[in-house]
Amino acid sequence: MSVLVTNGLATASVRARPSAFAGTFAALVFCATVVTASVAVAMSASRVPSSPEQYAVYEMGLVFSQITVYMSIFVIGQVMALAVSQRGRESALLRAIGAGPWQIRRMVATEALCTALLALPAGYGLGAVVAWAWFGALEGSGMLPAGMTLHIGLGPLFAALGTLVVCSQLGGFIAARRSSRTRPSAALAAAQVPGGERSGGVRGLISLVFLAGAVTLTVVAAVGSAENAGDVIPLVLLAYLVATGVGGPWLGRLATRAAAPVLRSVGGVAGELAVAGCRARAGRLSAAITPIAMVTAFALAQFVSLAASDDIDATALFGTLLYAAFAGLIATNTLVMLTLERLREFSLLRTIGAEKRQVRAVVLAESAITALAGVGAGAVIGCAVMVPLGGRTGTPMSALPVWAWAATLSAGALLVWAASAVPLGRMFRVRPIDGVTRRSA
1 MSVLVTNGLA TASVRARPSA FAGTFAALVF CATVVTASVA VAMSASRVPS SPEQYAVYEM
61 GLVFSQITVY MSIFVIGQVM ALAVSQRGRE SALLRAIGAG PWQIRRMVAT EALCTALLAL
121 PAGYGLGAVV AWAWFGALEG SGMLPAGMTL HIGLGPLFAA LGTLVVCSQL GGFIAARRSS
181 RTRPSAALAA AQVPGGERSG GVRGLISLVF LAGAVTLTVV AAVGSAENAG DVIPLVLLAY
241 LVATGVGGPW LGRLATRAAA PVLRSVGGVA GELAVAGCRA RAGRLSAAIT PIAMVTAFAL
301 AQFVSLAASD DIDATALFGT LLYAAFAGLI ATNTLVMLTL ERLREFSLLR TIGAEKRQVR
361 AVVLAESAIT ALAGVGAGAV IGCAVMVPLG GRTGTPMSAL PVWAWAATLS AGALLVWAAS
421 AVPLGRMFRV RPIDGVTRRS A
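First residue of the sequence shown: 1, per our numbering; consecutive thereafter.
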């Protein structure tokens, strides 16, 4: 297959299946938005004379940019992996007619690049709006250095472009690695009989490595200075979240096993179907578990810091809401895609006599498992970071009120259920017999 043919297939795939790349597009737009705003603030701060306020604002912009890049590479890889797996039959057919692994990887890389270029204008425009809002919040809280004005020009645009290219290509490489290495015969067989994903021993080992690294960082920070503990909290959170993302299939299986007795006794047939469905789709559910865990952990850690302080830091609150919106958007899109791809399965259930309320019961039970894995992992991460380090920084976990716990955990569970259930309205408008004959929604 020539370069032109591969690139043509990639472009056609994006045009033909825009919904499959909606999550990647949303992640890239968010990445460009935050990078644009952060670089604009940092560059504007660099134009004024050096001072403690100038250094604080400049460093703040850099830190937001770095964390965004790290998170985006990982999340984009997860979301693109889901998009690639949803069209496994297409990739299998290409492998069967002679496409090599490097050609599959190049096709996915081209798709990622096309999506990144489409996301750049939207991200840059939104980033300019966010930069002005951020500048106003800093000015209102008295944190701006003397003489600082906001400048948004080509610097943030080029920074956003470079970041999108790097994040999309690394994310595409992560997503295409497995599908490009699968033998054509095995890929076709897997595409004919979806589900039954294996968690993978290598992923489990990598997850344990990152988990060990997070624990080591926590121990080192806990015995160090208070200033060092505060600086290392974002890094420790990130290490835990990477471990969660890589080990997402294992978390999904663990949550399924924990919830199975309750769902079977309370939900009956719907609970049994939910348990079987989550076991078969553990790998794909990890793409939803990761952002849910991310938003829960970041929200808990930040709310602990805000609750323990005498005044609310507008910038910290702004950052918390920004990352919560990012993770929530990615989780919502992923869950919607996971539900829509099951049109054939749900239509078959309706064909053999299942009512709409029974299908909703299955989705509700599966949502409970996903929420248990995502929200539960996020809560454990938040505690694992803030219990040992919060006391060192003067922000103990005990400072978080009960209502904040309840709001954070219930918001994550509600998001999972709503994002999984909303697509059912569209699916129920399709006649069961028509849905059975379709490959996907």
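For the record, the hints were derived by calculation from the structure and aren't laboratory data. Given the structure is predicted, the values throughout are model-derived calculations rather than measurements. We treat Cβ as the ideally placed atom computed from N, Cα and C, and that holds for glycine. Hints may contain errors.
Unchecked claim - Quick list of the computed label-pair ranges, beta carbon to beta carbon:
1. Ser-141 - Ser-46: 14 to 24 Å
2. Ala-146 - Pro-101: 14 to 24 Å
3. Arg-344 - Asp-313: 27 to 37 Å
4. Ala-226 - Ala-133: 42 to 52 Å
5. Val-266 - Val-215: 33 to 43 Å
6. Ala-222 - Ile-352: 51 to 61 Å
7. Gly-268 - Gly-162: 32 to 42 Å
8. Ser-51 - Pro-101: 29 to 39 Å
9. Val-430 - Val-165: 37 to 47 Å
10. Gly-125 - Val-262: 43 to 53 Å
So, going through the hints one by one against the coordinates:
In this structure, Ser-141 and Ser-46 meet the distance hint of 14 to 24 Å, their C-beta atoms being roughly 20 Å apart. One distance hint, 14 to 24 Å for the beta-carbon pair Ala-146 and Pro-101, is violated here, with the actual separation near 57 Å. With their beta carbons about 50 Å apart, Arg-344 and Asp-313 fall outside the hinted range of 27 to 37 Å. Between Ala-226 and Ala-133 the Cβ separation comes to about 31 Å, which falls outside the hinted range of 42 to 52 Å.
About 36 Å separates the C-beta atoms of Val-266 and Val-215, a value consistent with the hinted range of 33 to 43 Å. Checked against the hint of 51 to 61 Å, the pair Ala-222 and Ile-352 passes, with Cβ atoms roughly 57 Å apart. Against the hinted window of 32 to 42 Å, the Cβ-Cβ separation of Gly-268 and Gly-162 comes to about 54 Å, which falls outside the hint. Remark: the range hint 29 to 39 Å for Ser-51 to Pro-101 is contradicted by a beta-carbon distance near 54 Å.
Distance hint check: the CB atoms of Val-430 and Val-165 are about 39 Å apart, consistent with the given range 37 to 47 Å. At about 47 Å, the CB distance of Gly-125 to Val-262 agrees with the hint of 43 to 53 Å.
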